[in-house]
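Generate coordinates for the entire structure from the input sequences, incorporating the hints supplied.
In the order they appear, the protein sequences are chains A and B. Under numbering that gives the first Met the number 0, the letters of the first sequence match residues 0 to 252, in that order. Under numbering that gives the first Met the number 0, the letters of the second sequence match residues 0 to 252, in that order.
Some clues are possibly wrong.
[What the hints assert, rightly or not] Here are the simulated lysine-lysine pairs, DSS-like style, with alpha carbons at most 30 angstroms apart:
id, chain 1, residue 1, chain 2, residue 2
1, B, Lys209, A, Lys187
2, B, Lys187, A, Lys156
3, A, Lys187, B, Lys156
4, A, Lys66, B, Lys209
5, B, Lys39, A, Lys187
[Stated by the list, open to error] Covered stretches of chain A (chain B as the covering partner; in silico rule of three or more C-beta atoms under 8 angstroms from a C-beta of chain B):
id, region
6, 21-35
7, 189-203
8, 238-250
[To be verified] In silico negatives: residues of chain A with every beta carbon more than 10 angstroms from chain B:
id, residue
9, Leu5
10, Asp83
11, Ile108
12, Ser135
13, Ser142
14, Ser172
15, Glu215
Read the hints as simulated data drawn from the structure, not as lab findings. The C-beta atom is built at its ideal place from N, Cα and C for all residues, glycine as well.
Protein chains: 2
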Amino acid sequence: MSYQPLILISNDDGITAPGLRVLVEVMSTLGEVIVVAPDKPQSAMGHAITVTQPLRLKPNNIFGTIKAFECSGTPADCVKLALDKVCHRRPDIMVSGINHGPNYSINVIYSGTMSAAVEAAIDGVQAIGFSLCDYSLEADFESCRTHIKHITETILKHPLPYGTLLNVNIPKSQELKGIRVCRQASAKYAENFDERLDPSGNTYYWMTGKLINLEEEDNDTDLWAIAHDYISVVPTKFDLTSNSFIQHLKQLI
Amino acid sequence: MSYQPLILISNDDGITAPGLRVLVEVMSTLGEVIVVAPDKPQSAMGHAITVTQPLRLKPNNIFGTIKAFECSGTPADCVKLALDKVCHRRPDIMVSGINHGPNYSINVIYSGTMSAAVEAAIDGVQAIGFSLCDYSLEADFESCRTHIKHITETILKHPLPYGTLLNVNIPKSQELKGIRVCRQASAKYAENFDERLDPSGNTYYWMTGKLINLEEEDNDTDLWAIAHDYISVVPTKFDLTSNSFIQHLKQLI
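Shown next as structure tokens:
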């Protein structure tokens with residue numbers, strides 16, 4: 000019998016999210032699956048971890064015979080708990096998602112989906128975050144199944160060096176043109192807080208914002224790839240040092 | 000009259016934290032100060048933002064005549080709100096902290112202090128996060144005042160390029176040896192969840208962990224600097240692309 004890889008899965012939309020179910024189905028064709036996912040949506044949680052509250056972990060049979068747990072914490076908490084308390088051995092790979100909504104460009108900083116994958120990568124586990132650029136709970140995940148399987152198989156065969164993981168975004172498109180390995184586009188949100196009065200006359204604010212691509216002309220970014228119906232794959236790291244600036248800064252300080 | 004820079008200040012320990020007060024005092028000697036800080040501690044919030052709840056913003060006279068607000072959101076929320084709704088013009092610089100506890104090495108990923116600074120930098124504002132490697136609320140911030148002023152003045156005079164901010168950590172030491180510009184050490188937490196039973200017999204977990212320096216021999220990292228009584232200054236970026244790996248990955252996928 001051939002080797003069965005152990006695949007750990009988490010997400011940030013919570014254990015009932017349709018995107019998670021698709022990922023569980025695809026990964027079950029590749030190996031043994033363990034799911035540890037938040038018990039409620041945890042979008043935009045960034046790399047938050049829970050240090051002032053205890054965490055709960057409960058078995059959940061939502062995926063039938065597949066070992067699955069819901070966790071009261073953040074996506075990063077889920078992965079930490081899974082690696083320390085749930086997995087009977089080191090996973091061969093950790094996959095996160097499929098997120099309902101894009102995690103390209105600067106979204107990677109805010110993304111709970113990616114923080115789960117980053118957490119696994121910090122611990123030395125191969126890791127990939129998958130996101131579909133469609134916020135709808137009725138999003139069509141069908142067309143991306145083969146690509147997700149292909150990318151995961153590739154990394155199982157050719158492991159990434161320590162410090163690197165993948166950020167994969169899939170466009171909302173019926174006509175996927177293929178995969179582009181690319182870089183994170185430089186972009187920022189133009190915030191516009193919506194100011195309102197509550198029934199007591201006190202002010203409150205809703206965050207709204209529009210992503211501004213600062214590199215619209217460049218065709219080697221994830222934003223370009225998605226806009227042109229390609230799946231974007233960005234090799235991502237968690238060493239945030241700006242190495243190129245160290246020498247210059249030494250002269251200033 | 001000479002130009003008065005506008006200095007935005009936030010933190011993650013909340014508006015009442017002693018470290019914030021020190022930073023406000025130091026910055027008041029350099030320009031006009033505006034404070035927008037969380038109304039409660041927000042440690043380890045990573046780059047979380049609040050998208051499913053509205054935000055509150057309340058004036059607070061804790062710093063006398065200095066314009067200050069407490070915000071119900073995360074550190075990143077504070078900066079977004081400050082830039083959109085509070086500041087009468089673009090700040091010349093945003094400083095975050097002084098954090099009670101270290102944000103060196105991989106801590107940068109989990110840090111609310113740094114996420115506030117990153118948020119400002121994404122928006123194109125010069126930004127520095129300051130942390131003292133002492134968790135105590137009675138920590139001695141005196142010895143670092145002149146260094147914090149010097150580093151901030153340097154950046155006001157020599158602005159950083161877009162995409163770069165500073166992560167400054169100050170050792171708990173009476174004998175500071177000076178400043179080292181260095182890189183983020185490769186390190187990870189060895190988790191060890193403390194498993195307990197609540198009064199109803201249900202299991203819960205407390206996160207505990209120990210930072211493991213994966214580069215103990217190297218003397219060019221922030222962990223080395225702090226261990227040897229130097230202030231560490233790491234030029235930090237928020238483009239997470241592993242550029243060096245793009246070509247290799249193109250051949251695999």
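Comparing the hints with the structure gives:
1. Distance restraint check for Lys209(B) and Lys187(A): the Cα-Cα separation of roughly 35 angstroms exceeds the 30 angstroms cut-off, and the hinted pair is therefore not satisfied.
2. Restraint check: the Cα-Cα separation between Lys187(B) and Lys156(A) comes to about 25 angstroms, which is no more than 30 angstroms; the hinted pair holds.
3. Taken as a hint, the Lys187(A) and Lys156(B) pair is honoured in the structure, with Cα atoms around 25 angstroms apart against an allowance of 30 angstroms.
4. In summary, the hint linking Lys66(A) to Lys209(B) is supported, as the alpha carbons are separated by about 28 angstroms, within the 30 angstroms threshold.
5. For a cut-off of 30 angstroms, the pair hint linking Lys39(B) to Lys187(A) stands: about 27 angstroms separates their Cα positions.
6. Only residues whose beta carbon comes within less than 8 angstroms of a beta carbon in chain B count, and the region 21-35 of chain A has 0; fewer than three means the coverage is violated.
7. Counting residues of the region 189-203 of chain A whose C-beta sits closer than 8 angstroms to any C-beta of chain B gives 8, which meets the bar of three, so the coverage hint holds.
8. Remark: the region 238-250 of chain A is confirmed as covered by chain B, as 9 of its residues place a Cβ nearer than 8 angstroms to a Cβ of that chain, reaching the required three.
9. The beta carbon of Leu5(A) is kept farther than 10 angstroms from every beta carbon of chain B, the shortest such distance being approximately 18 angstroms.
10. Interface exclusion of Asp83(A) from chain B breaks down, the closest Cβ pair being 5 angstroms apart, not more than 10 angstroms.
11. Here Ile108(A) does not stay apart from chain B, with its beta-carbon only about 5 angstroms from theirs, under the 10 angstroms limit.
12. Its beta-carbon lying about 16 angstroms from the closest one in chain B, Ser135(A) satisfies the requirement of being farther than 10 angstroms from that chain.
13. The claim that Ser142(A) lies off the interface holds: its Cβ sits roughly 18 angstroms from the closest Cβ of chain B, which is beyond the 10 angstroms cut-off.
14. Every C-beta of chain B lies more than 10 angstroms from that of Ser172(A), the closest at about 19 angstroms, which supports listing it as non-interface.
15. The non-interface label for Glu215(A) is consistent with chain B: the shortest C-beta to C-beta separation is roughly 16 angstroms, beyond 10 angstroms.
Comparing the model with each earlier hint shows violations of hints 1, 6, 10 and 11; every other hint is respected.
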